[in-house]
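Line order of the protein sequences matches chains A and B. The opening position of the first sequence corresponds to residue 305 in our numbering, with each subsequent residue numbered one higher. The opening position of the second sequence corresponds to residue 703 in our numbering, with each subsequent residue numbered one higher.
Straight line, CA to CA, 27 Å or less: simulated DSS-like cross-link-like pairs of lysine-lysine: (1) A/467 / B/718; (2) A/509 / A/654; (3) A/503 / A/524; (4) A/654 / B/718; (5) B/715 / A/710; (6) B/718 / A/730; (7) B/715 / A/695; (8) A/695 / A/730; (9) B/756 / A/467.
Everything labelled a hint here was simulated from the structure, so no lab data went into it.
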Amino acid sequence: MYWQKDLETMDRKSLETLQTQRLTELIAHAQQSAFYGKVFTEHNITPESIQSTEDIRKLPFTTKEHLRANYPFGLASVSLDKCVRLHSSSGTTGNPTVILHSQKDLDQWANQVARCMYMVGIRDTDIFQNTSGYGMFTGGLGFQYGAEMLGTLTVPAAAGNTKRQIKFIQDFGTTCLHIIPSYATRLAEVMYSMGIDPKKDTKLKTICIGAEPHSEAQRKRIESLLGVKAYNCFGMSEMNGPGVAFECTEQNGLHIWEDYYLVEIINPITLEPVPVGEIGELVLTTLNREAMPLVRYRTRDLTRILPGECPCGRTHIRLDRFQGRSDDMIILKGVNIFPIQIETVLMGFKELGSNYLITVETVGNNDEMLVEVELDELYTDDYAVLQRLTKDIGRQLKDELLLTPKIKLVAKGSLPVTEGKAVRVKDLRTFA
Amino acid sequence: MTVHQLSIFLENKFGKLSELLALLGSENVRIIAATVADTSEFGILRLIVSDPEKAYTIFQGHGVGANMTEVLAIKTDAEAGRFAEIISLFTQAGVSIEYMYCFSLDKQSIMIIRTNNKEAAFEVIRKHHIEHVNACDLINL
Chain A
305 MYWQKDLETM DRKSLETLQT QRLTELIAHA QQSAFYGKVF TEHNITPESI
355 QSTEDIRKLP FTTKEHLRAN YPFGLASVSL DKCVRLHSSS GTTGNPTVIL
405 HSQKDLDQWA NQVARCMYMV GIRDTDIFQN TSGYGMFTGG LGFQYGAEML
455 GTLTVPAAAG NTKRQIKFIQ DFGTTCLHII PSYATRLAEV MYSMGIDPKK
505 DTKLKTICIG AEPHSEAQRK RIESLLGVKA YNCFGMSEMN GPGVAFECTE
555 QNGLHIWEDY YLVEIINPIT LEPVPVGEIG ELVLTTLNRE AMPLVRYRTR
605 DLTRILPGEC PCGRTHIRLD RFQGRSDDMI ILKGVNIFPI QIETVLMGFK
655 ELGSNYLITV ETVGNNDEML VEVELDELYT DDYAVLQRLT KDIGRQLKDE
705 LLLTPKIKLV AKGSLPVTEG KAVRVKDLRT FA
Chain B
703 MTVHQLSIFL ENKFGKLSEL LALLGSENVR IIAATVADTS EFGILRLIVS
753 DPEKAYTIFQ GHGVGANMTE VLAIKTDAEA GRFAEIISLF TQAGVSIEYM
803 YCFSLDKQSI MIIRTNNKEA AFEVIRKHHI EHVNACDLIN L
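With the rest of the complex left out, here is chain B (with noise of 0.2 Å):
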């Protein structure tokens, strides 16, 4: 039901997030999903990727501080409306959105999505029949 996710503290810095991508790169790890966003002094990026323990490992070798969360992980069909409906099942039980990013591959989406309630965020899964991946399935898509 939920993935492992590294975020790492990446500064407002020309060269930045290329220099950071590049070391998993050369290790031979894979970037499944990426996001970062843009205050004006620092971001967070965060990363889904084929080996989260090994790209962990490199990091904490280059002296970069890595942080490792887990992350649900939604699978939907890529139909209008259906984010929607999925989000306002989370509503509905109380559960707010920290932060989500999304992807889509053929007539498929991925959602990936933090909450402030891990628990009453399965208990919205498991009821409502969400289906959801693992990471394995990421690393096969």
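This is chain A alone, in the form it adopts within the complex (with noise of 0.2 Å):
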């Protein structure tokens, strides 16, 4: 049942002064790149400031504006000829971010992958199909590397061509997945339409879906259509990729592995610790990473820790399912709106399907919300129906948000769909 079992489920008392050491040698180490060689004399910092884990609140943070003004090496902690490999995120709004990987990085990576499958039931006798694009998005080599040893035969399938991605599951007899969650409801809607059930026509029973934030009844939708068991992960390229946090078998909260990272939840205004159980900002550091050590460094993703133990008896620290962005929010008339809100409505109606796109843009002197959805079927021919279905949907909404969007019912496959990320949230506005 345990992949690592002393490391998993590792009493507090030991985890912590694992941390506080791992936190000491870090320090240590970081210091030899240009970045934090600089920032560490500027806060007088040294490895001896180090005695607990809350002495990580001395450090300062770092946040992806660092890497992108120390792109590509600022941060390299070791010299370029000990890093096999670099991953690079798209820079749409200025420079992209590098992050860079000794071999012992990629191996410590590839057992925490294998760490989360091994939890949610993967077995080597499992045939694992990957439905992530490769090359610098690291849900797919990330896996890779994971599933590889684990030991499960991988189907490099790689992203997008639906047509063929349900060959493979049907030719190689697939059993798990990896794809993210708009794309779930989408293959299971291709196989329906295409005649097969995939309860009955292939042998799926494990999918692991991130990458999206996405609600606990979409989940349920996909685990239904599937008819399988869907497992939340959570990563991101800065902190590696995948394997930083997974659900385990109980599905409520993702551990997170804290001989690998320090967690930290903080208040995104004021940067202070929020009391566990209460909503923040993720702050993460890498415990062991050889190449590129990021200290306190700001996710901005929101979620919280979920108070005390797991049934499952790893003693890691859960956290919830991530409530969107820090910087995804919109805030629209002075309200803060996380697209899950709506997304958690919107589900909650069974007339509707799982693509919704949210824009918000100025109409003369106001802004204004438009929330566009998928009708599922056409269950009716009737005008009044659908024109109730769409005041019902506004009336919810309004009570979630505390103000009315105007609500378009669209037909089924009209909304862009990319077999990358879904689009949920257009902000046309312009900021003058």
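With the hints as a guide, bring both chains together as one complex.
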């Protein structure tokens, strides 16, 4: 049931000792980089500054802007001949970011992913198909090496070409998938339209879904459409990629591997820690990354620590389902709105499909929100019924958001679905 | 007495109607009657076709949600006052018309009617010997 029982079930006190020791080593190591060498000197930080994990708060935060400003290699803590791979994110707003990996880093990363997959019951007898893009996107190679370390037969199908994905699933007897949630529902829809019942006509049983915030209702829908158990996974390229945190079979929170990461949850405005159980921004420190350690990295992801122990026996803390990103938040007429709130309401209507698009734009002097949502099937030929449905959605969204968005029903399959991440929010406002 | 009608959700978007109808044409399904009403946000395309089952399968195969309903098909001569007379018979029996579309060929008219009460509508048709048509008659028009 455990990939590494001693580490996964280590008592909290020993875990903290391990973290403190690794944090001290990390400070000594990170000062080799041009960036941290300068930052630590400015803040008068030495390895001796760290006596316990609490002392992390003496250190300054690292942000994506720091990564961009020091692009590409300013945060390397080893010479480039020790590095064997880099992953770079797209630079849609300014410089891209680069994360460097040594061979040791890649081995540890694969181990994290293997640990996650083993936790949800995936074994070397399984056949694992990865629908992530390969290349720079970490969901491809990250899962690939983890699944190979675990010993599954891997099908590196990569992204796109839904019919071919389905052919592989059927021909190879795929039992597990790594897939983005919006694409999982799309895949199921295509199967049904081809007359394939995934519950009877495939061997699928476990899928790992991540890379997009999604609601519990959407998970349930994916599970019932495909006849599988779906586990939420969390990762980000700055923290390697997939394998940072993962749900166990309890499906109640994602265990984050505290032997690899030191976890803080802060108030994104005051930057002070929030009490356990309250939502805030996740801040992570890599505890034993060699090529490019990151200290107090602000992930911009919003979540909270679930209090209490997990029945699975793992002692590593659990993060709640992600609530979106502190930079994805839409502020409309002074109200803070997260797309996940809208999704939760929409998923409550069985008449609706899983795709939706939120558009915020300035009309005259007003900022307005339009929510377009796909109808699942046309279940009526009566306008009045559809108009009533539109009204009901509007009312429930108003209760949730405290403002009234415009609702537009659209035909199934008409909203943009990239075979990567679904586009959920378009903010067309101009902030002059 | 009734014929199958397909209803398709139609977005208010340029080219949508033409796209949907082309699906049927290329598969040799003939359209006998069609109607689309406009609202600001969306419309419903209603179709009577030569092979409703086939049309339904074609739409499903292209991910287009379609709904199959039964509607009344009534035949009258195309004289002034005939429509009014037939509708008034329904009204007298307390049957509401939800929607209706008609077409005339030569000296004859076909009325496609959806009422709020199928059984009561049948009763009116029987009682007043209103001439109705079935799917085969429509296809051979």
